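A.B. asks: Line by line, the protein sequences give chains U and L.
Just so we're aligned: the first sequence equals residues 785 to 1041 in my numbering.
Just so we're aligned: the second sequence equals residues 30 to 511 in my numbering.
Watch out, some of these pointers could steer you wrong.
Claimed, not checked - Only pairs whose alpha carbons sit at most 20 Å apart, straight line, appear in this in silico DMTMM-like list of lysine to aspartate or glutamate:
| no. | chain 1 | residue 1 | chain 2 | residue 2 |
| --- | --- | --- | --- | --- |
| 1 | L | K484 | U | D963 |
| 2 | L | K484 | U | E873 |
| 3 | L | K385 | L | D354 |
| 4 | U | K909 | U | E898 |
| 5 | U | K798 | U | D850 |
| 6 | U | K913 | U | D840 |
| 7 | L | K484 | U | D840 |
| 8 | U | K935 | L | E458 |
| 9 | U | K906 | U | E928 |
| 10 | U | K906 | U | E920 |
| 11 | L | K189 | L | E78 |
| 12 | L | K60 | L | D111 |
| 13 | L | K228 | L | D207 |
| 14 | L | K60 | L | E78 |
| 15 | U | K935 | L | D459 |
It should be emphasised that the hints constitute simulated quantities derived from the structure, not laboratory data.
Note that the structure is predicted; figures quoted are calculated from it, not measured.
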Amino acid sequence: MLDIRNLHASVDGKPILRGLDLHVGTGEVHAIMGPNGSGKSTLAQVLAGRDSFTVDDGSVSWDGVDLLAMPTEERARAGLFLAFQYPVEIPGVSNAYFLKAAVNAVRRHRGEPEYDAMDFLKRVKAEMKAVDMREEFLYRSVNEGFSGGEKKRNEVLQMALLEPRLAVLDETDSGLDIDALRTVADGVNRLRSPERSMIVITHYQRLLDYIVPDQVHVLSHGRIVRSGGRELAHELEERGYGWIDEAQATLAQGAAS
Amino acid sequence: MNAPTKPIEAFLDREYPAGFVTALEADALPKGLSEDVIRRISEKKGEPEWLLEWRLESYRRWLTMTPPGWAQVSFPPIDYQDIVYYSAPRRKADAPKSLDEVDPELLRTYEKLGVPLHERARLAGVAVDAVFDSVSVATTFKKQLGEHGIVFCSFSEAVKEHPELVRQYLGTVVPQGDNFYAALNSAVFSDGSFVYIPKGVRCPMDLSTYFRINARDTGQFERTLIIADEGATVSYLEGCTAPMRDENQLHAAVVELVALEGAHIKYSTVQNWYPGDKDGKGGIYNFVTKRGDCRGARSHISWTQVETGSAITWKYPSVLLRGDDSVGEFYSVALTNHRQQADTGSKMIHFGRNTKSTIISKGISAGHGSNTFRGLVKVTPKALGARNYTQCDSLLIGGQCAAHTFPTIEVRHPSARVEHEATTSRIGEDQLFYAMQRGLTAEDAVSMIVSGFCKEVFKELPMEFAVEAQKLLGVSLEGSVG
């Protein structure tokens, strides 16, 4: 289980997360919603360990381990997966090579035998079928020249291969048409399991029609301001994010007076 | 941009593993250059009169020349009287007759460098000529090659055994007065490799020369001559290392390739001369003239180089496309780190009809390194239907390095098709983070990105060399899948 307490983080001296608390139980799916600039992506990157963000205060405990003390690649090997909002292109490096290197890094960490080329190809081809990716994507450079939908499928493919304990999906729905969204959501749903927690970050309620969360949280100005069941997402869809900010402002005034 | 410097710097600060010195007694001439020194070099090698004259003529030309000043490199003027022009490991009798007679200390040196000279130890079946300072110390697999009529030996031996071939071809691709360093080499060259592949013979194994500079204050001036007769095919590999020393050492080699009708020569180099320390102290000045002559129709010459060493590299492997339908290729990876400077590229000169050339250059600059691509594509008035494709990519690592591109294109025939593409990119913090989020270490991530950048060149290298090249760039082997 993931336990985030009073998390403060900044980039170039500018505070973005300002005292964020979040508890995600094992096997649960939590959605984080919020307007642009509320800190959603920052939360994802801080959890994954991107060093351009500075953690100024707070703690993150992951199954009793201090997550923030772990280097980026250690977090990944221990089972933290971030599906990127903007997957990065790596020219000249074939997708197959990249995926195999990643999978074997994780398998080594778990004390499992590394895949050889044949085993790996068998496994990856099966997983590709599930996310409706053609085999040629194995031999193309990582994300290079992929469409938006293809990049997101590639993220879900990696997630399936790496079998994380905690998956953070950062606006996986952005830039997807409805068919691609459905395929990606199906891929994610297949990976739901009692041992796997997920944090699904999204701007729109739409994704949550396909990936049904156990809990929904609303992020505003670097803090969780509302938490609830999936009906909270519908409320946001109807009323927009404005009322949250207004409610926050009223709350803040109340606290001040 | 916020440079992702820490992991990259650690990666770039690797030690130079070939920097040891072998303790050997040397038979060396005193420092300095004069006609007398040249006579003594020639005498030590027991050369015929014509070759001595050729050397002296080169020397006289050299005296009238000045070092080229146009390259994007800077270094204090070289004192040519402060260099030892001949140094050989001292041996008891004459040249060793077999490997068993080679000084075991020398054999150990090559073992340490990963170049075992014992034929029985060679698994990959590559014939090796080992050049230590000024002389060739061992050539392997000579007998097997001889059965095909192939000559693969040291240059000195070729002068003795095949004088007619040497005399016919020496200096016909790189003339004595071609440039300052080539003229110097022509005057004082000490040894190198010689290859002759007879008509219609496909050389059954890769041929390889391993150059090692060991002695202090010594210049290495080797001369390589490769002739592929009509319809012959050969793949030749060259590797180089030197000990770590505080002084700069000069390496001014000349390589001449001659491809007759329908012949095919593939020449691959992995150059790892000592690059100097982090502050730019020491290192090899690698001022080399390499040129291939596609003399016959349908001949093919291909240069592939991976340049990671040397304090300064000045090198433009070129092809003269004289035969109709001949093909010239140049594939290059040049890495400069710390204070290294490289000014390298290629010249493709189209004389024949329907000649084709390709230049693929990948420059990687890190630290305070400076990397310059300099290219010339020339289509002469008779070169009907000439085609060239040039691609020149630069990768920057960190914020202190520099990359320059100087392409020159001269077209004198309206039917020519010449294309040039250039890109500059940077290893992004986002790429590193992406790879590390998938469980790779920063080092593996940098290696992978660099390797991806160089892929088009690595795939041109013979398998064994590709492994070596990737290791040199700190890269684990890619390509077992995909």
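A.B. asks: All hints, please: hold or fail.
C.D. replies: Here is what the structure says about each hint:
A C-alpha spacing of about 35 Å is found between L:K484 and U:D963, which places the hinted pair above 20 Å, so the restraint is violated. Using a Cα cut-off of 20 Å, the hinted pair L:K484 and U:E873 holds, with the two alpha carbons roughly 15 Å apart. Restraint check: the Cα-Cα separation between L:K385 and L:D354 comes to about 7 Å, which is no more than 20 Å; the hinted pair holds. Distance restraint check for U:K909 and U:E898: the Cα-Cα separation of roughly 17 Å lies within the 20 Å cut-off, and the hinted pair is therefore satisfied.
Of the pairs offered as hints, the one joining U:K798 and U:D850 is violated, with about 24 Å between alpha carbons and a cut-off of 20 Å exceeded. Proposed proximity of U:K913 and U:D840 is contradicted: the alpha carbons are some 43 Å apart, above 20 Å. Distance hint between L:K484 and U:D840 is unfulfilled; the C-alpha atoms sit about 41 Å from each other, more than 20 Å. A distance of roughly 19 Å separates the Cα atoms of U:K935 and L:E458; the hinted pair therefore holds under the 20 Å criterion.
For the hint pairing U:K906 with U:E928, the CA-to-CA distance comes to about 23 Å; that exceeds 20 Å, so the pair is violated. A hinted pair counts as satisfied when its Cα atoms are at most 20 Å apart, and U:K906 with U:E920 qualifies at roughly 14 Å. Restraint check: the Cα-Cα separation between L:K189 and L:E78 comes to about 12 Å, which is no more than 20 Å; the hinted pair holds. As the CA atoms of L:K60 and L:D111 are separated by approximately 6 Å, the hinted pair is consistent with the 20 Å bound.
For the proposed pair L:K228 and L:D207, the alpha carbon gap of about 29 Å is over 20 Å, so the pair is violated. Between L:K60 and L:E78, the direct Cα distance comes to roughly 24 Å. Violation of the 20 Å bound is thereby established for this hinted pair. Simply put, U:K935 and L:D459 have alpha-carbon atoms about 15 Å apart, close enough for the 20 Å limit, and the pair holds.
Hint check: violations occur at hints 1, 5, 6, 7, 9, 13 and 14; the rest are consistent with the structure.
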